[in-house]
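Participant: Could you slot chain B onto chain A? The hints should help.
Chains as they are written, first to last, in my numbering: chain A, -7 to 342; chain B, -7 to 342.
Simulated from the structure, these hints should not be mistaken for lab results. There may be inaccurate statements among the hints.
No distinction is drawn between identical chains; accordingly, a pair holds when it is met within one copy or between any pair of copies.
Unchecked claim - SDA-like mimics (lysine to any residue), calculated; alpha carbons at most 25 Å apart, straight line:
#1 Lys268 x Arg318
#2 Lys73 x Lys182
#3 Lys72 x Gly177
#4 Lys212 x Arg249
#5 Lys244 x Arg266
#6 Lys166 x Arg195
#7 Lys212 x Asn127
Bear in mind the structure is a predicted one, so any value in this text is a computation, not a measurement.
There are 2 protein chains.
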Amino acid sequence: MTVTMTIDCMGGDHGPSVTVPAAVRFVQFNDDVELVLVGQEAAIAAQLSKLRADGHPRLSVVNATEVVAMDDSVETALRKKKDSSMRVALNLVKEARAQACISAGNTGALMAVSRYVLKTLPGIERPAIATVLPNQLGGYTTVLDLGANVDCEASHLLQFAEMGHALVAAVDGKERPSIGLLNIGEEVIKGNDVIKQAGELLRASTLNFYGNVEGNDIYKGTTDIVVCDGFVGNVALKTSEGLAQMLGDMIKEEFSRAWWTKLMAIFAMPVLNRFKHRVDHRRYNGAALLGLRALVIKSHGSADAFAFEWAIKRGYDAVRNGVLDRLSRAMDENQTQLQETKPMPAIPAL
Amino acid sequence: MTVTMTIDCMGGDHGPSVTVPAAVRFVQFNDDVELVLVGQEAAIAAQLSKLRADGHPRLSVVNATEVVAMDDSVETALRKKKDSSMRVALNLVKEARAQACISAGNTGALMAVSRYVLKTLPGIERPAIATVLPNQLGGYTTVLDLGANVDCEASHLLQFAEMGHALVAAVDGKERPSIGLLNIGEEVIKGNDVIKQAGELLRASTLNFYGNVEGNDIYKGTTDIVVCDGFVGNVALKTSEGLAQMLGDMIKEEFSRAWWTKLMAIFAMPVLNRFKHRVDHRRYNGAALLGLRALVIKSHGSADAFAFEWAIKRGYDAVRNGVLDRLSRAMDENQTQLQETKPMPAIPAL
Chain A
-7 MTVTMTIDCM GGDHGPSVTV PAAVRFVQFN DDVELVLVGQ EAAIAAQLSK LRADGHPRLS
53 VVNATEVVAM DDSVETALRK KKDSSMRVAL NLVKEARAQA CISAGNTGAL MAVSRYVLKT
113 LPGIERPAIA TVLPNQLGGY TTVLDLGANV DCEASHLLQF AEMGHALVAA VDGKERPSIG
173 LLNIGEEVIK GNDVIKQAGE LLRASTLNFY GNVEGNDIYK GTTDIVVCDG FVGNVALKTS
233 EGLAQMLGDM IKEEFSRAWW TKLMAIFAMP VLNRFKHRVD HRRYNGAALL GLRALVIKSH
293 GSADAFAFEW AIKRGYDAVR NGVLDRLSRA MDENQTQLQE TKPMPAIPAL
Chain B
-7 MTVTMTIDCM GGDHGPSVTV PAAVRFVQFN DDVELVLVGQ EAAIAAQLSK LRADGHPRLS
53 VVNATEVVAM DDSVETALRK KKDSSMRVAL NLVKEARAQA CISAGNTGAL MAVSRYVLKT
113 LPGIERPAIA TVLPNQLGGY TTVLDLGANV DCEASHLLQF AEMGHALVAA VDGKERPSIG
173 LLNIGEEVIK GNDVIKQAGE LLRASTLNFY GNVEGNDIYK GTTDIVVCDG FVGNVALKTS
233 EGLAQMLGDM IKEEFSRAWW TKLMAIFAMP VLNRFKHRVD HRRYNGAALL GLRALVIKSH
293 GSADAFAFEW AIKRGYDAVR NGVLDRLSRA MDENQTQLQE TKPMPAIPAL
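Chain A extracted, bound-state conformation (with noise of 0.2 Å):
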């Protein structure tokens, strides 16, 4: 089978200069891959021509004259810019010309165009934003909501669990990963109403859920998954990025201060590097927008090419393992059990 893949190549704070060399080595790794360079061929082709990859046999370009910019509102992208490349990546998708499709622009433009061009899933309310971060166990743990949505409702909550559920059960094969809902402490009386009606929903449901869980066991790895409302996701996301960022920084700092600290530092380091690959951040790159019925893998504005091409890894892995299928199958399934369970209508009093 070969994946076919539409790239948003302006996406991004840096566009084609990070997108087209991602894309490129990407499929010259991967040989059951085709790729879509969505935006201005002018631009994506003197990036390719400098690559030597013009001509690529699984590379194609379509032309986007318009640019969805980082700082857009949501209403210039969705109104305004409808020939941009983001729009049209995503419209190639929608014709099932492509079955997934990756973009580096902004995070509310994405999902709000993907949800016009592409429509949630039957079932589905509200789509979110899934990513995986690293464990202490070696593995990562999946996390969503991460800033698709600001106010969630118990029901919601659920919603993100059996989505999560589904993308771990397809890409990880885990028949039933475990489920955590971030609280601030583990005992069901902990956190606000939402969050208490959510664990109830939860422990009613046919998932595996663990219970609470708290911001640290998202590196514990003590759930596969954990949910939460966008707001939290977004803030115990960012927070990691600057927390990594300093302690990075800080570790450089310490290894230049002096002569002697840099001898320190090439004696160190094949211990820092094997450090510093376990710990890239470039290799978490690739959110999932769950809930549309397509795949739209969303990697962060900043991404250089290396984290980009993780990015398109993702999008390739989530659909070689039918992540989609597996999503409307969970969703039918919950759609039917709904009707199923569904109190007899009252007789209308006369």
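Facilitator: Relative to chain A, chain B alone:
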């Protein structure tokens, strides 16, 4: 001026074996401090004699027969354990026999008993928990609330900002510390309704409001103070703890992988130790319960003696810098302003 503080010696995961050595060290290094050790007399005496500190002129012991366990409910702590070390230590502060209380006891119980015994300052609806986290500027960022309030209205977030302002102005001598509102984007339109309203209140206030900040800004040091609701703050803090723990463990693992990596660790030791010292979370131990009629400092439950000493130091700094006075004055001014700007009562229709 002598600073007198009570120590809840039974609180925390380790009780007197941590709290008493920390207290002894602290009085030995600070001539202007008197500490009242509260808890089970025999247990405290045993520790004191082990440290040859029995009879120290600036250490006294007050007996309390009960202990609030780390998993006791608020109900139990409040209604059933009236002779707990926590309660007795707070009572002594209430009776003005000490100026602050330091406890590593469970957060929920400590907040509830503190509120019950000490009461809140006039004008404060909700006390908040504030702590400091290191930032890239080499200083630290004060963050509140960290878990006292899981459901906040905009006016509560404004009060947290006012309390944070009073704390930082007093302790750090910054007259107009900058305040950031934790959000999921910098733009004014981001976030949920409560956050948007809080932003409006902060912009209209006399505080030095910077605007919205994101999770990474805590560690960047973008503002002196970051304000958020207790749910979000707690998740940010715990997530940071989890990430720091994971990274620390990974560095250790990499350096102890083989004989040659162990050798490298020896070479790199001085640098790694400096780094470890800089990011040592124990130096940031001690969160202030703000908004009460007296000072209460909450230490991490798992603190060791070194960390607990830092919590005592935080209490000491707060007392010496007149944090409580500053807070009361700020709240008084607010009250006056509120009264002055109150609209004329409407003449009731007859």
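Participant: Hint numbers the structure violates, sorted upward?
Facilitator: 1
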